[in-house]
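*Asks:* Sequence:
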Amino acid sequence: MNLLTEAKTLINENIRDYGMYIALLVIIITFSILTDGLFISSRNISNLLDSAGYIAVLAVGVMLVIVIRHIDLSIGFLAGFLGAIAAILLMQVGMPVYLVIPVILILGTIAGLFTGFLVAKVGIPAFVATLAGWLIYRGAILQVTEKTGTIIVQNDTFNAIGNGFIPSIMQVNGLHLLSLLVGAIGIVFYIYSAINNRKNKMKYNFDVVSKEIFILQLVFVSSIIAYITWILSGYNGFSWTVIIMLLVVLVYHFFTTKTVLGRHIYAVGSNPEAAHLSGINVSKITFLVFGSMGMLSALSGILFTSRLQAATTTAGTLFELDAIAAAYVGGVSAAGGVGKVTGAIIGAIVMASLTSGMNLMGVGIAYQYMIRGGVLALAVIFDVTTRKKGK
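Residue numbering for the sequence shown is 47 to 437, as defined by my numbering.
One should not assume that every hint holds.
[Stated by the list, open to error] Simulated restraints on C-beta separations:
no. : residue 1 : residue 2 : range
1   : F301      : I182      : 26 to 32 Å
2   : A381      : T305      : 19 to 25 Å
3   : T196      : P171      : 33 to 39 Å
4   : I274      : V409      : 22 to 28 Å
5   : V149      : F301      : 22 to 28 Å
6   : P171      : K257      : 35 to 41 Å
7   : S87       : Q355      : 20 to 26 Å
8   : S78       : A178      : 42 to 48 Å
9   : S256      : L424      : 30 to 36 Å
10  : D202      : T51       : 52 to 58 Å
11  : I75       : V139      : 30 to 36 Å
12  : L367      : E192      : 23 to 29 Å
13  : K249      : L293      : 28 to 34 Å
14  : G325      : L367      : 33 to 39 Å
[Stated by the list, open to error] Distance condition first, Cα-Cα at most 30 Å in a straight line; then the derived DSSO-like pairs of lysine-lysine:
no. : residue 1 : residue 2
15  : K245      : K167
16  : K330      : K304
17  : K257      : K54
18  : K304      : K247
19  : K54       : K247
20  : K257      : K247
21  : K54       : K249
22  : K245      : K54
23  : K167      : K54
24  : K330      : K54
25  : K167      : K304
26  : K249      : K167
27  : K245      : K257
28  : K304      : K257
Everything labelled a hint here was simulated from the structure, so no lab data went into it. Where is the CB? At the ideal position from N, CA and C, for every residue including glycine.
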């Protein structure tokens, strides 16, 4: 089999995984041409990634919820509510940032576990339980901001989470050195992980791609990481939002692919009854996933509030729909049991890229909603079609 034939076969057999990357590449090329290169400028790429941050972390959590065949509609206003609580603790209570962040994350986890309790133990359908949460948290935001309205956050350390960048140390030809080092470490880590994963597959006689295709994959992905690093290093370097996104990806990718609990999540999503009969505690998995969703909602609230430098009465509006859309665009299956952390992040970046590109072109907000809705519909149609072909 020659390289071209093998590459075509590989893409056809893994179209669900590669489809989102192809879509992102098409979007980037299209908007770059239509905006005369403005879309891929250092400033725009940096702003695009920062604006995607709070939705991206939500998308990772909701991806796992969809994988186990549930849904969570409360996450948007939970994020907005906890962001408001963070602002109150900082500005009215006077609590330091290093205490506020863990407190908010713990509150988010507790809220998620309570939703998991309603679903797993009480037996309330997730749609109904989380719709109730949606209403409760919406009311809670209005309640805590009733007297003051918008709460301005005047804390440089907290605001740096959503607007700041990692230190430069020094500049090399106008490029931020520390950001270049982070990118280089990322490339080395990716190559090491890919080689190690390939060796493990070969050890247990699993099918792997040829050495030539494998090298091409390494070069291609490493080039993308290097290019993004170079682009960002030419502006202000990696933002703290991007670093947080990368940490979420690393932690959740490891959790879902390298741990027993991670495998159990996909087993429950594929067939809950079979998973139960095989000894997996389905209720425990449901608790875990919803608790994780609550924690990531809290993180999203922190990112959004710090980026806006304020807590508003409308914070969290439509966050859940954007996150669910990003998860589906990223390849999660409506039937459950299928989805990747990297896919959810790419899905969020795809949706943010569409919004950024259309804003640069001056497309009206009405048409923007229609186009994003069309992209979501196409993603689900793609999912259904590939599942039918798989059967």
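*Asks:* It remains to establish, for every hint, whether it holds in the given structure.
*Replies:* Okay, the hints, checked on the actual structure:
no., hint, result
1, F301 / I182: 26 to 32 Å, "holds (29 Å)"
2, A381 / T305: 19 to 25 Å, "holds (23 Å)"
3, T196 / P171: 33 to 39 Å, "holds (35 Å)"
4, I274 / V409: 22 to 28 Å, "holds (25 Å)"
5, V149 / F301: 22 to 28 Å, "holds (23 Å)"
6, P171 / K257: 35 to 41 Å, "violated (50 Å)"
7, S87 / Q355: 20 to 26 Å, "holds (24 Å)"
8, S78 / A178: 42 to 48 Å, "holds (44 Å)"
9, S256 / L424: 30 to 36 Å, "holds (32 Å)"
10, D202 / T51: 52 to 58 Å, "holds (57 Å)"
11, I75 / V139: 30 to 36 Å, "violated (49 Å)"
12, L367 / E192: 23 to 29 Å, "holds (25 Å)"
13, K249 / L293: 28 to 34 Å, "holds (29 Å)"
14, G325 / L367: 33 to 39 Å, "holds (36 Å)"
15, K245 / K167, "violated (42 Å)"
16, K330 / K304, "holds (19 Å)"
17, K257 / K54, "holds (16 Å)"
18, K304 / K247, "holds (14 Å)"
19, K54 / K247, "holds (21 Å)"
20, K257 / K247, "holds (13 Å)"
21, K54 / K249, "holds (26 Å)"
22, K245 / K54, "holds (23 Å)"
23, K167 / K54, "violated (47 Å)"
24, K330 / K54, "violated (41 Å)"
25, K167 / K304, "holds (28 Å)"
26, K249 / K167, "violated (42 Å)"
27, K245 / K257, "holds (12 Å)"
28, K304 / K257, "holds (24 Å)"
In the structure shown, a violation is registered for the earlier hints numbered 6, 11, 15, 23, 24 and 26, in ascending order.
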